[in-house]
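Protein chains: 2
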Amino acid sequence: MGKISNTDIAATRRDNLERLLNPASIAVVGASSDPTKAGSQALRSLSRFPGRLVAVHPRETEIQGFPCYPSLKDLPEPVDLAILAIPARHCVQAARDAAARGVGGIFIISGGFGETGPEGQALQDQLADVCQSTGLRLLGPNTSGFINPHRVCVASFVPGVDQLGAGRVAVVAQSGGVNLSLAFLLNRLGEGISLAVGLGNAVDVNSADVLEMLAADDRTSAIALHLEGVPNGRELFDTLRRVTPRKPVVALVAGRSDVGEFAVSHTGNLMGSHQRTVSALRQAGVVVVDSTDDLAQAAAVLSCTRLPPKASTSFGLVTGQAGPGLLIVDGLKSNGIGVPELGEVTIKGVQSLLPPMTFVKNPVDTGRPGPSFPRIVSLVASDPVIDAVLVFGLSEPSVLDPVAAVAPARSATGKPVLFGTLGMPADLDPALMALTAAGVPTMLSPERLVLAARALDADARGQWRLSQGVPATYTTRPQLAGAFDEARGKELLASYGIDTPQRRLCEDHNDARRAFQELAKPVVVKIAADDIAHKTEVGGVFLGIQHEAELAHALASLSRIPTSTPGRVLIEEMASSGVELIIGGVRDPSWGPCIVIGLGGVTAEAMVDSSVRLAPLANADIEDMLEGLRGKKLLDGFRNLPRCDRGAIVKVVQALSRLMLEHPEVAEIEINPVRMTRNGALALDALVVLATEKPEQGRHA
Amino acid sequence: MGKISNTDIAATRRDNLERLLNPASIAVVGASSDPTKAGSQALRSLSRFPGRLVAVHPRETEIQGFPCYPSLKDLPEPVDLAILAIPARHCVQAARDAAARGVGGIFIISGGFGETGPEGQALQDQLADVCQSTGLRLLGPNTSGFINPHRVCVASFVPGVDQLGAGRVAVVAQSGGVNLSLAFLLNRLGEGISLAVGLGNAVDVNSADVLEMLAADDRTSAIALHLEGVPNGRELFDTLRRVTPRKPVVALVAGRSDVGEFAVSHTGNLMGSHQRTVSALRQAGVVVVDSTDDLAQAAAVLSCTRLPPKASTSFGLVTGQAGPGLLIVDGLKSNGIGVPELGEVTIKGVQSLLPPMTFVKNPVDTGRPGPSFPRIVSLVASDPVIDAVLVFGLSEPSVLDPVAAVAPARSATGKPVLFGTLGMPADLDPALMALTAAGVPTMLSPERLVLAARALDADARGQWRLSQGVPATYTTRPQLAGAFDEARGKELLASYGIDTPQRRLCEDHNDARRAFQELAKPVVVKIAADDIAHKTEVGGVFLGIQHEAELAHALASLSRIPTSTPGRVLIEEMASSGVELIIGGVRDPSWGPCIVIGLGGVTAEAMVDSSVRLAPLANADIEDMLEGLRGKKLLDGFRNLPRCDRGAIVKVVQALSRLMLEHPEVAEIEINPVRMTRNGALALDALVVLATEKPEQGRHA
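So the protein sequences, as listed, match chains A and B.
Quick note on numbering: the first sequence equals residues 1 to 701 in our numbering.
Quick note on numbering: the second sequence equals residues 1 to 701 in our numbering.
Among the hints, a few may not be true.
Said to hold, decoys possible - BS3-like cross-link-like pairs, simulated, lysine-lysine; straight-line CA separation at most 27 angstroms: (1) B:Lys333 with B:Lys348; (2) A:Lys535 with A:Lys310; (3) A:Lys632 with B:Lys632; (4) B:Lys521 with B:Lys535; (5) A:Lys333 with A:Lys361; (6) B:Lys348 with B:Lys247; (7) A:Lys632 with A:Lys651; (8) B:Lys310 with B:Lys361; (9) B:Lys361 with B:Lys415; (10) A:Lys633 with A:Lys651; (11) B:Lys633 with B:Lys333; (12) B:Lys415 with A:Lys633; (13) B:Lys361 with A:Lys535; (14) A:Lys632 with B:Lys633; (15) A:Lys633 with B:Lys633; (16) A:Lys310 with A:Lys361; (17) A:Lys633 with B:Lys361; (18) B:Lys73 with B:Lys37.
Note that these hints are calculated values from the structure, not bench results.
Produce the complete structure using the sequences and hints provided.
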């Protein structure tokens, strides 16, 4: 093939990914008639594939009834997908042949690449080169492939997966094994899939590519995403911000604990920071969950229904049994989901349908469901304070028809109505089929109903935050260089509109005495030296200096600390008391500039209580960060502490965000502490690390 | 019936509970031939009951083919169980008739008792009286009853439950609806039940009664317990301590969030403190979970297998797929479960069975399972560092026979081997049946396998702590009376061996100056007055007094604070710096004397980081409390803080525990803070509230 322009190749790569995952024609390279071989299993898995299927084998002319050609170069026409069931060492040549013959994409079954060491890595790098230079797409290597039930295409060697039903949930998993696990879990929930793909080493096709494709796929209504390490975080983040408004995305991120060594052996990826990955996904409007079970269930729900973007959501609950109802309300409230008291009109309406003494404020506890059950559900759904309705009722076919109970409310109000139930299979299965046919999301336990509500809530809130937009314009500023001490750091902060205490940088003791006269007392006197990072630890900070004598004592003590700039001190007015925060910026190798907020002090640090988001970020994201702090009560006037001005926090964070974006040479910046006084936020210290320096690890990062 | 002694009635009550829940004969009161009536449904539900079944109706002589009598008094012979399908207002008379005729127990279907208000409460109280005076047992009211599949006894009006299989898990639920939910969830897991009972208002039969009975029930191997409010906590605690060594108990406690109003409407019980309930259960050796799904799954696992009591446990994992394996290891480590590196011999043995570059340290990632899979599982199980083995493999009948993969390891080592899998039902269901038949606990997702490990781990650790015993001997002490200021509080602590600072209680300024001479400087000077509870808030504490002039200034300031004992001050040597804890005792109305440990300071308080246990407690319980603190890192030399002597903490807690037990008149005691210095634990303040006083709410309670 001739030289291709960058624009052309981007379009070719998109087209070829579509061809790879929605193929009309497939070649199996390394096809075999030996049933124990992968090449034979691959052919067998495709036995119901309705498109053109050919085999590639150096010597055969026909295998399992399919025409056979010596190499991909020898195909009479190009195919959309070539499945390589050949050893790793032959895959590079096959990829070149594929590209030369206009194949859309290849899927490599075998392992033996980047996950095994330098030799495999070299092969993997060559494959990447072929893809980058030709536009050929590569799925894997080191994955069990993909299943596209709408195309009846099973590009996978695992038995049984050809029985997976077609549906509206797409699975995009880093791992082939997790991809299949999710497909099986969805199947157990009665849910079909639109596509289930395991990315493996993701040498070429990565999750961002597939997500972008699925955003435009009419057969996909929700996406279940599984991630291990994320090497190109910022690309994924930007993609997800575009995808989630079109299709809800639910994600599971491996690596809460330290599983690094095993993870590297698995796909060759480093895990990165779990907190940053989860936070970035949340910021991009993704619903993040903690297990494959929850991932399948939440994606199934969101493939049926979605709330409009909303800053917070309120659920109504109608339950036929009080005990499960209590567990559901408990779960909703524990997860910060609103269960507001119903309006007066609703309450009166419901009361007229139920015996006296029944609890009807929300939840509505009907006792054993009766004929009024559907009308009660409709009344609750009609209440303007309610965004969505949860209904729970154990299976009792003689008194409760689930579809009749929920369908009228849904069609009358357009609000999501979710159903939770349990029962013996003989009773329950017909009801489940009817509910599925009616498009009603159904959950088989009280807590799964709560999970469904959490998914709807998180999706609606995430989309609302995303809709708030981020500050858009940044100016270019002259690049910073040289060493940053506290005084210079504070000047930089001040230039971004962050308040700092009145202060004087003094070169000698005479300077210091003059400054002391000018400033309001008490003051703090600190050593000012480029070569001292941790002032407190060397005895370089004196607080609460009121009198000349104390000043003299402090200056004398400081002058005994060895530095390259003896006598240099910073004198600052003392800030009034208040809650302290740590606000910083770090530049993550995968996610780019990030903002971190934590509570100040060693206790908060020991409890690992911090929030992180990517810059730029919306004010709504900053509120979300603060809400995510375990100790957030401290901000709102806890005990005798002054109430913090959240607007002032937002201002500091937005300033730091702008600073990180306008100064890519800043590797890390930390204000520790930001003192929240009654007059706003005051930066009491400043640490600035430029990229050319060896960056120090951020405390809360 | 004549007068009965207390011992007799206790034995009668036990026997009658056994008769109620394992009946050989049943009467249905309010039996009906109208199929919409509860009395008709109750009879129908019992259609397969193999014992004697009779009906009670004022006018009929036969209903649904069963002989019918006008009242329970008229029965030709006593029955074990009478089911009352009659309105609430008739139930008291029926209960009297039942007791008079020697019925074992009654189950009331209808509501309309304590949960509905004063009138219902009066009926409920009368029922309680009948039970207490006669030994008749009462299940409910306000429950859907119970199912005993071994007896083919369905004392419940919910359809389908007669199809529940007999098995080894017992369900004891506060709520009838949750009881049925759990039975259905167990059924979905392929698990049979030995008994499933919903307690409802628990006027007579409560969870402790049923647990005690089940401890001795040969057909029950594990118990799933659901609790809402617990009115008699200490009785339940003592019962559970006896039960859990014999049968593993898994529990779900409603009420994490504030659901009080709805809960009261449900069973009339107050919810109490969720933290105290969960902590008491944990202390009694119960495995506490967060959902009905987890409750059913964990009980199912523990009904198959149990680890011996152990202070900590270590799991090996053999996985056929790396991605799910990574999720499993991640889940184990996140939950603090050991996944140690396998021994050298094991690693070499496994390596000889797998291709090079395979990860074998733990987990063992076999890649797609091959013929060596069972031998690998056996090798891992044989490793002495491993207590139990988890195996995960997607369903691939052609390459992996699950029973063959795990059974040899289990029988060779006697260690638990758990299997996790997923697949299409056609492939999977035969394997699941074979696994169930072989008694291998099987979980259908990676995270459910983690849950199973968590259940085994929590059970083994709980039993280990329970096996450590608690300090047994307490002396009676003279009852305390009168007001407690800080000085008297510290004397009380000192009398229990708790270290306090050197100090002098001074009645006037001359006293104070003398004391200042004698004590090591610096000192702290505090106001000493019965009538001031919060010294700091009134400016009653001066720290770091070094010189006479500072002392004079402090005394002058203190003398301006109005109190009934002007001039009275406490002068103490200042403690060296260190981490501060809050350690206290409270007397819970349900659970009795409790010990609370929290980290000191407003940040820890805002983050609600505390642990609670019941007194008396084992040293192992105290270690468990400290491990449960989110900020526990602070204890172990975090940043520049000194490492805390955990033995010194244990000593303080045991002293407070003894104090609470020996002085039942102490309603609350709080040491805030306990300063952890390099020399041990020092009580820097003491608050003592006697029961006769109005108790103040403990900060961390």
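Hint by hint, here is what the structure shows:
no. : hint                   : result
1   : B:Lys333 with B:Lys348 : holds, 24 angstroms
2   : A:Lys535 with A:Lys310 : violated, 46 angstroms
3   : A:Lys632 with B:Lys632 : holds, 20 angstroms
4   : B:Lys521 with B:Lys535 : holds, 21 angstroms
5   : A:Lys333 with A:Lys361 : holds, 15 angstroms
6   : B:Lys348 with B:Lys247 : violated, 39 angstroms
7   : A:Lys632 with A:Lys651 : holds, 18 angstroms
8   : B:Lys310 with B:Lys361 : holds, 23 angstroms
9   : B:Lys361 with B:Lys415 : holds, 19 angstroms
10  : A:Lys633 with A:Lys651 : holds, 20 angstroms
11  : B:Lys633 with B:Lys333 : holds, 17 angstroms
12  : B:Lys415 with A:Lys633 : violated, 47 angstroms
13  : B:Lys361 with A:Lys535 : violated, 44 angstroms
14  : A:Lys632 with B:Lys633 : holds, 21 angstroms
15  : A:Lys633 with B:Lys633 : holds, 22 angstroms
16  : A:Lys310 with A:Lys361 : holds, 23 angstroms
17  : A:Lys633 with B:Lys361 : violated, 44 angstroms
18  : B:Lys73 with B:Lys37   : holds, 23 angstroms
Of the hints listed earlier, those the structure fails to meet are numbers 2, 6, 12, 13 and 17, in rising order.
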